[in-house]
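S.K.: Kindly produce the complete structure, drawing on both the sequences and the hints.
Residues per chain, in single letters:
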Amino acid sequence: MVAVVVGIAIINFFLLQLAPGDAAQVLAGEAGSATPEYMAALRKQFGLDQPLYVQFGRYIGNVLTFDLGFSFRHGMKVSDLILGRLPATLLLMSASIGLAAILGVAAGFIAARNAGRLTDTIISSVALLFYATPVFWIGLMLIVVFSVWLDLLPVGGMTAIEAGYTGFALAADIARHMVLPSVTLGLFYLAVYARLTRAAMLEVMTQDYVRTAVAKGVRPYRVALHHVLRNALLPIVTMLGLQIGSVLGGAVLVETIFSWPGLGRLAFEALFQRDLNLLLGILICSSVVVVVVNLLVDIIYTLLDPRIETI
Amino acid sequence: MFTKPSLLTAAMVVASGLMSEAIAETPRRGGTLVAIVQPEPVTITAGTNVAAPTQFVSGNIFDGLVTYGIDLQPKPALAESWDVAPDGKTITFRLRKGVTWHDGKPFTSADVKWTLENIWKTIHPRNKAVFLEVSQVDTPDEHTVVLRLNRPSLPILSTINASGAQILPKHLYEGTDFLTSPWNNKPIGTGPFVFKEWSKGNHIILERNPNYWDKERPYLDRIIFKVIPDAAARSAALEKGDAHYAAFSPVPLKDAERLAALPNLKIETRGYEWLSPLLYFDLNVDNAYLKDVRVRRAIAHAIDRNAIAKRVWYGFGKPAVSPIPSTVKQFHTADVPKYEFDPKRAEALLDEAGFKRGANGVRFTISHDFLPYGDDYRRTGEYLKQALKRVGIEVNIRAQDGAAFIKRIYADRDFDISSSWNGAFPDPQIGITRMYWSGWVGKATPWTNGSGYRNPEIDKLIEQTAVSSDPAQRVKLFHQFQKTAQTDLPTIPLIELRFFSVHSSNLRDLTVYGDQIYASLKNAWFAEPPK
Numbered sequence: 000m001v002a003v004v005v006g007i008a009i010i011n012f013f014l015l016q017l018a019p020g021d022a023a024q025v026l027a028g029e030a031g032s033a034t035p036e037y038m039a040a041l042r043k044q045f046g047l048d049q050p051l052y053v054q055f056g057r058y059i060g061n062v063l064t065f066d067l068g069f070s071f072r073h074g075m076k077v078s079d080l081i082l083g084r085l086p087a088t089l090l091l092m093s094a095s096i097g098l099a100a101i102l103g104v105a106a107g108f109i110a111a112r113n114a115g116r117l118t119d120t121i122i123s124s125v126a127l128l129f130y131a132t133p134v135f136w137i138g139l140m141l142i143v144v145f146s147v148w149l150d151l152l153p154v155g156g157m158t159a160i161e162a163g164y165t166g167f168a169l170a171a172d173i174a175r176h177m178v179l180p181s182v183t184l185g186l187f188y189l190a191v192y193a194r195l196t197r198a199a200m201l202e203v204m205t206q207d208y209v210r211t212a213v214a215k216g217v218r219p220y221r222v223a224l225h226h227v228l229r230n231a232l233l234p235i236v237t238m239l240g241l242q243i244g245s246v247l248g249g250a251v252l253v254e255t256i257f258s259w260p261g262l263g264r265l266a267f268e269a270l271f272q273r274d275l276n277l278l279l280g281i282l283i284c285s286s287v288v289v290v291v292v293n294l295l296v297d298i299i300y301t302l303l304d305p306r307i308e309t310i
Numbered sequence: 000m001f002t003k004p005s006l007l008t009a010a011m012v013v014a015s016g017l018m019s020e021a022i023a024e025t026p027r028r029g030g031t032l033v034a035i036v037q038p039e040p041v042t043i044t045a046g047t048n049v050a051a052p053t054q055f056v057s058g059n060i061f062d063g064l065v066t067y068g069i070d071l072q073p074k075p076a077l078a079e080s081w082d083v084a085p086d087g088k089t090i091t092f093r094l095r096k097g098v099t100w101h102d103g104k105p106f107t108s109a110d111v112k113w114t115l116e117n118i119w120k121t122i123h124p125r126n127k128a129v130f131l132e133v134s135q136v137d138t139p140d141e142h143t144v145v146l147r148l149n150r151p152s153l154p155i156l157s158t159i160n161a162s163g164a165q166i167l168p169k170h171l172y173e174g175t176d177f178l179t180s181p182w183n184n185k186p187i188g189t190g191p192f193v194f195k196e197w198s199k200g201n202h203i204i205l206e207r208n209p210n211y212w213d214k215e216r217p218y219l220d221r222i223i224f225k226v227i228p229d230a231a232a233r234s235a236a237l238e239k240g241d242a243h244y245a246a247f248s249p250v251p252l253k254d255a256e257r258l259a260a261l262p263n264l265k266i267e268t269r270g271y272e273w274l275s276p277l278l279y280f281d282l283n284v285d286n287a288y289l290k291d292v293r294v295r296r297a298i299a300h301a302i303d304r305n306a307i308a309k310r311v312w313y314g315f316g317k318p319a320v321s322p323i324p325s326t327v328k329q330f331h332t333a334d335v336p337k338y339e340f341d342p343k344r345a346e347a348l349l350d351e352a353g354f355k356r357g358a359n360g361v362r363f364t365i366s367h368d369f370l371p372y373g374d375d376y377r378r379t380g381e382y383l384k385q386a387l388k389r390v391g392i393e394v395n396i397r398a399q400d401g402a403a404f405i406k407r408i409y410a411d412r413d414f415d416i417s418s419s420w421n422g423a424f425p426d427p428q429i430g431i432t433r434m435y436w437s438g439w440v441g442k443a444t445p446w447t448n449g450s451g452y453r454n455p456e457i458d459k460l461i462e463q464t465a466v467s468s469d470p471a472q473r474v475k476l477f478h479q480f481q482k483t484a485q486t487d488l489p490t491i492p493l494i495e496l497r498f499f500s501v502h503s504s505n506l507r508d509l510t511v512y513g514d515q516i517y518a519s520l521k522n523a524w525f526a527e528p529p530k
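Protein sequence lines, in the order shown, are assigned to chains H and U. Numbering of the first sequence is given in numbering that gives the first Met the number 0, commencing with residue 0 and proceeding in unit increments. Numbering of the second sequence is given in numbering that gives the first Met the number 0, commencing with residue 0 and proceeding in unit increments.
Heads up, a few of these hints could be off.
Simulated pairs of lysine to any residue, SDA-like, Cα-Cα distance not exceeding 25 Å [to be verified]:
hint : chain 1 : residue 1 : chain 2 : residue 2
1    : U       : K317      : U       : K384
2    : U       : K317      : U       : F340
3    : U       : K120      : H       : Q44
4    : U       : K127      : H       : D48
5    : H       : K43       : U       : G401
6    : U       : K195      : H       : G166
7    : U       : K169      : H       : M75
8    : U       : K337      : U       : N305
Away from chain H, derived, C-beta distances all over 10 Å, residues of chain U [said to hold, decoys possible]:
hint : residue
9    : V49
10   : A50
11   : H170
12   : D400
Please keep in mind that the hints were generated in silico from the structure rather than gathered at the bench. All C-beta atoms, glycine included, are put in the ideal place defined by N, C-alpha and C.
M.R.: Right under this line is the structure:
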């Protein structure tokens, strides 16, 4: 597993070298004017004046000693930058994943139990709509309706900093700011979970053991919950694993639309700014998350279905 | 009365309305102003970083030696008065007494001397050239600074505002490496607002400086700069009143008209005079087709700059006739070779140059790299494609991000036509001549001579304007410079951009200076307490 992460780190490093232009050019470009002396000073400061193998050596040395390096653009340690954005990211992600998984599975469950009837048609059509609508459009429409027209929720950001809330008022304020971004981000996955749950449940329903359970006289509700849903959860867990794996960078659009100070935006901006230390740091953290989540998914498989053996 | 006024007229009505209000009303103290800063600045000290968002914030924390009025004439700030000796080789500044840094230490002539010698003259992107001729800085007492120059450098007086030549506290920076100093992100200035907090990706908070030398000011208690990356979300925040002020054309041009019609918002196009931005195409003179001046002139004739201003830029621009924008009144001249929109003339010139239409109607194919700073530049590129197709030139539009664009145009020079904009500043030597001076070719430095144009005659003109001490002589030299530039046409000036700000109509006296977007908001006040 460590080898996987180090391998990813090495590939990332050389992949990012392919991007044309460097951080000094970006800074000089933003400044609207520059002198060669200024750019040389920046390159020296960033370590970009060193040959590639020296830069690579430094980077690998850092990775192996759990040091993510320094972002010269931000003038901060990469680990501090990531930790600073982590709470906002985790908050948004847990809210949206929770919303998507719980409501999605519930909707899929109901749809499957009513397969072919009106309820199913409505749930499936709404899910298809959420699935097909671009995330940024949903986000903007929610802003227009709930913030601008109805004036119920804030347009963006994480807190109303100008109000100076503390304690519970602050928590309530953050919760208000979280509603629109987590719904926006959650709707797409909600649709995915609903469709997955419905399809998996319908498939399980045709299994012999379900017929046996029904023949035994088990109440229909119990059959659906214990015999069908539990066995239909495997693909949901796989999807959940994938979604959590994308936690550290999957929300660029939503974070941008709602000015949410999360990691996705940090990574996205780092790419355009050629802040390679920062970008590599975020990518390494993401790969660690993906590896760990994959392991957890495998373990959950064995819990849900004891026939699957741990490796 | 019943026809819809154009946006610019509306803005001018607003502007004149504001001025009369300013006379009639007494400013009200208090309130928190929420401004939008986008993109998030890299640093909020403009010592070496002169990016727009940096200066937008930093101008509130620091003072300059002077500020510039809407007419771009310098007005006293940290310098109460100044003299330029008749030979132009001595400039004396008399500094304001009793000014302190935000940490309580006194501001003295030593701070000016240190910053000039260690920042402006060494690594400052714009000022290095302007202060190059300063041989010695004398500080006969704590409140007098005397610059001694080898040769005159009149542009100095056009760049000494809070963001153009920011004075840094010597006692915090002396003996340290400026670029890595922690003070860059928690600056100590002398300005009307004190730095309080910067939450990266979120907001920057400044608070009123109670010890500010201009006793009445500032009127606002706090300024919060919020980072809002999405343009549509910026529109919504302004419309809803969650934010009161945003600059640098913060919303899509097509949204501006809608916002201007709302009673709670105003659109302002003043405050950018110091910048005087000019949009232009650079034509790579090393290209097999573009090296022929007749082809370059043909392209200029094929482009309707009126259409670019009116349709592509929604009226937020004025057709340019020369590389020095008309807003830089002192040096601009319209007496230059002009290239009226005339596709027939363009075709005749192309035929004359030997590039006849082929069997498919195409003369030749070139590429266009537009400035990757938003949709407006992409649309300008699409206009170019259509305009040139009409005269038989096929254009392939290429898109890339900022870093790749700069490398391609200024380092690799692997392009045919690029678009970009430069601020002219009150003195064209600061922002315009670098587009034409051959010394910049191949220096891999952004926003310099992108076309690769080399002409000893124009080089000489540029060098003379830099060191002439006679203002009248400099005007003559700059007029000649514009004629030569428009004759050879390595760069086609397109429009003088009109950036705009959006602000709450509850805010008064927000735009007082010609460099307002880079200056402080110490004059701004809320007519009614903000919600």
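S.K.: Work down the list of hints and note, for each, if the structure agrees.
M.R.: Hint-by-hint comparison with the structure:
1. U:K317 - U:K384: 21 Å, holds
2. U:K317 - U:F340: This hinted pair holds, its Cα atoms lying about 15 Å apart.
3. U:K120 - H:Q44: 19 Å, holds
4. U:K127 - H:D48: Roughly 22 Å separates the two Cα atoms, so the pair holds.
5. H:K43 - U:G401: 21 Å, holds
6. U:K195 - H:G166: Roughly 21 Å separates the two Cα atoms, so the pair holds.
7. U:K169 - H:M75: 23 Å, holds
8. U:K337 - U:N305: 14 Å, holds
9. V49: Non-interface label fails for V49 of chain U: nearest chain H Cβ at 5 Å, not farther than 10 Å.
10. A50: Non-interface label on A50 of chain U violated, nearest chain H Cβ at 4 Å vs cutoff 10 Å.
11. H170: 20 Å, holds
12. D400: D400 of chain U is in fact no farther than 10 Å from some Cβ atom of chain H, at 5 Å.
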